[in-house]
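**Q** If you read the sequences in order, they're chains A and B.
Mapping of the first sequence onto the working numbering: position 79 corresponds to residue 79, and the numbering continues sequentially without gaps.
Mapping of the second sequence onto the working numbering: position 171 corresponds to residue 581, and the numbering continues sequentially without gaps.
Derived by calculation from the structure, the hints in this document are not laboratory data.
Treat the hints loosely; a few may be bogus.
[Unchecked claim] Residues on chain A that point at chain B, a partial pick, calculated with CB under 10 angstroms:
1. Val27
2. Ile311
3. His315
4. Lys334
Beta carbons: idealized from backbone N, C-alpha and C, even for Gly.
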Amino acid sequence: MKPEIPNSFRTGPDERGHFGVYGGRFVAETLMPLILDLERHYEAAKRDPAFKAELDHLLTHYVGRPSPLYFAERLTDYAREKATGGRGAKIYFKREELNHTGAHKINNVLGQILLARRMGKSRIIAETGAGQHGVATATACAKFGLECIVYMGAVDVERQKPNVFRMNMLGAKVVPVLSGARTLKDAMNEALRDWVTNVENTFYCIGTVAGPHPYPAMVRDFQCIIGEETRAQMLAAEGRLPDSLIACIGGGSNAMGLFHPFLDERQIEIYGVEAAGYGLDKKHAASLAGGRPGVLHGNRTYLLMDGDGQIEEGHSISAGLDYPGIGPEHAWLKETGRVIYLSATDDEALAAFQLCAKLEGIIPALEPAHALARAVEIAAEKPRDHLMVVNLSGRGDKDLFTVADHLGGM
Amino acid sequence: MRRIETRFAELARARRAALVTFVMAGDPDLETSLAILKALPAAGADVIELGMPFTDPMADGPAIQAAGLRALHAGTTLAKTLALAADFRAHDRTTPLVLMGYYNPIYVHGVRQFLAEAKKAGVDGVIVVDLPPEEDSELCIPAREAGLAFIRLATPTTDAARLPAVLAHTSGFLYYVSITGITGAGAPDVAKVTAAVARLKQHTDLPVAVGFGVKNAASAAAIASIADGVVVGSALVEAIRKSLDEAGRPTPGSVAAVTGLVRELAAGVHAAARGFARTGQSA
Chain A
1 MKPEIPNSFR
11 TGPDERGHFG
21 VYGGRFVAET
31 LMPLILDLER
41 HYEAAKRDPA
51 FKAELDHLLT
61 HYVGRPSPLY
71 FAERLTDYAR
81 EKATGGRGAK
91 IYFKREELNH
101 TGAHKINNVL
111 GQILLARRMG
121 KSRIIAETGA
131 GQHGVATATA
141 CAKFGLECIV
151 YMGAVDVERQ
161 KPNVFRMNML
171 GAKVVPVLSG
181 ARTLKDAMNE
191 ALRDWVTNVE
201 NTFYCIGTVA
211 GPHPYPAMVR
221 DFQCIIGEET
231 RAQMLAAEGR
241 LPDSLIACIG
251 GGSNAMGLFH
261 PFLDERQIEI
271 YGVEAAGYGL
281 DKKHAASLAG
291 GRPGVLHGNR
301 TYLLMDGDGQ
311 IEEGHSISAG
321 LDYPGIGPEH
331 AWLKETGRVI
341 YLSATDDEAL
351 AAFQLCAKLE
361 GIIPALEPAH
371 ALARAVEIAA
381 EKPRDHLMVV
391 NLSGRGDKDL
401 FTVADHLGGM
Chain B
411 MRRIETRFAE
421 LARARRAALV
431 TFVMAGDPDL
441 ETSLAILKAL
451 PAAGADVIEL
461 GMPFTDPMAD
471 GPAIQAAGLR
481 ALHAGTTLAK
491 TLALAADFRA
501 HDRTTPLVLM
511 GYYNPIYVHG
521 VRQFLAEAKK
531 AGVDGVIVVD
541 LPPEEDSELC
551 IPAREAGLAF
561 IRLATPTTDA
571 ARLPAVLAHT
581 SGFLYYVSIT
591 GITGAGAPDV
601 AKVTAAVARL
611 KQHTDLPVAV
621 GFGVKNAASA
631 AAIASIADGV
641 VVGSALVEAI
651 RKSLDEAGRP
661 TPGSVAAVTG
671 LVRELAAGVH
681 AAARGFARTG
691 QSA
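Using the sequences and the hints, build the whole thing.
**A** What follows is the structure, encoded as structure tokens:
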């Protein structure tokens, strides 16, 4: 069933939180009034110039925005050497890894924390997989003196110890989740259980463009600064808009942030890269490529599951990508054909990780290394005047031990 | 036959509350689960809620989470849950049977197919935790068209403004969640629940059953004196868990562990003083 191609790709979701058939509000009744309350407050904040001014000030002075748009000259040369017929696009990096806390996550967290303060909530809960969203949330809570509880699968606590330590240093309480498969999806279940229990004083700060409406739209809006800056920066650098955009996708917030401001410029090619893990025919975390529509964590979207609708574990070398779902807006953008979704395996991401480090002196996180793997290939097929932007969504310090393990030690 | 309505009407005439028992389909395995189901009515269960196991039960506490995992490990699927329901119904024509769970397995199975199979299996209603009134077009409306009750949960956060929407398409009975929290959590505050049930009764003629946190005969009796039904779930699946051997297999005492507790709970419910709550539903 092919959805209709809309006049604009930027008007969603509808008032019930749907992007086509995806999204929605599939939550227990206890949470429903809280979600409606959040939606009301978010709509009011969006229209309040004071809210925007406060967030902009923080993004400038606390996060360090705008993040640079950087011409990756040697990676461009590398792609051109691989290309035939004098081809090879010009590759730019949107340097989200230079943000405070080292990833794009802080853009969204500051927006939500300012909203929590407006709503008078004193206690913040969050889920985290790799720990990047947890660290960003712990950081913002430290800055504003808010209680912070981060749910993290016990398996992830073990494999992401540096981030657990960072969160502890920032004064957050990290709760290892022992239920289910003990990874990100179970951390999200546990955060929802906390929220159902502590309805009065608690704000749930979701880290990606998923969950019940209004989260997918709200998190996207807070991340759209990535694409808005990219537009202005590319116009300044090259005098025109980019020809293609590419970003990695777990839940998909860094990708939505880059893509959304450009969705209605139909001539711009947009690529999302999922984690193919060991390969799409083996264990992976590519919900769009290998999943089917279902309902989990408050929204309808593509999910990895068995024939009976039981959720399966994703696998990726990148803990930030191994979530068995994806933001509902991505599901809709896939079905409308506006965004092309690709994937990269663990090995391809590892190779791109090393390539970027050696050629550009930038150690990327394993998440954007997935986007880099496909970017170099696509760039090699494009003409030399093609302008490509890769969202370098996070830095790779957190992944050094993982990479060392895979490469046989340091 | 409208088994839910008939049962609540009978109990209203008898002036006592219903004991609504929850067990997970396929916990600890399908054979034992069927034996437990068949034994529940004689032990004192007036209405049976049969859980449909799901990997990610976000509104459930540790006891029901574990029950669901036991059932999944034992190979339980939605199709086998429906077959279990049919087996129970072949044995018992009168006890209302309600399926309870989460939406994804139903959605993946196919809503129309699920409803048709559930109806054929002798299921009387469904409770789906993650379908609020805002998503009524998904399953609630089709369920009612298929002749199944759609039993909704009302909670302490359901304010006056939301209550009409929550009640609008609810049928069979209304399930009042006595606490803000997950299943099996803290004990309900009887005074608060009393006030909440009275408030609900002003807006609906449906029977109101109260659950979450009811663990023993005393708490069951306290709730039974103020509501039309008492729901017990976590305590029963915990009784199953405690009856298992070290490898998680059922023992000869597994069925009796559940029925023994149900007898105690039923005694509590039967002994409860008559309350004002049930008088409203003679209408």
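**Q** Hint by hint, say whether it matches the structure.
**A** Hint by hint, here is what the structure shows:
Interface restraint check: Val27(A) against chain B, minimum CB-CB distance 6 angstroms, threshold 10 angstroms, status holds. Interface hint status for Ile311(A): upheld, as the beta-carbon distance to the closest one in chain B is roughly 5 angstroms, under 10 angstroms. Here the hint on His315(A) is broken, as its CB sits about 16 angstroms from the closest CB of chain B, past 10 angstroms. Contact between Lys334(A) and chain B, as hinted, is not supported at the beta carbon level, the nearest pair being about 19 angstroms apart and thus beyond 10 angstroms.
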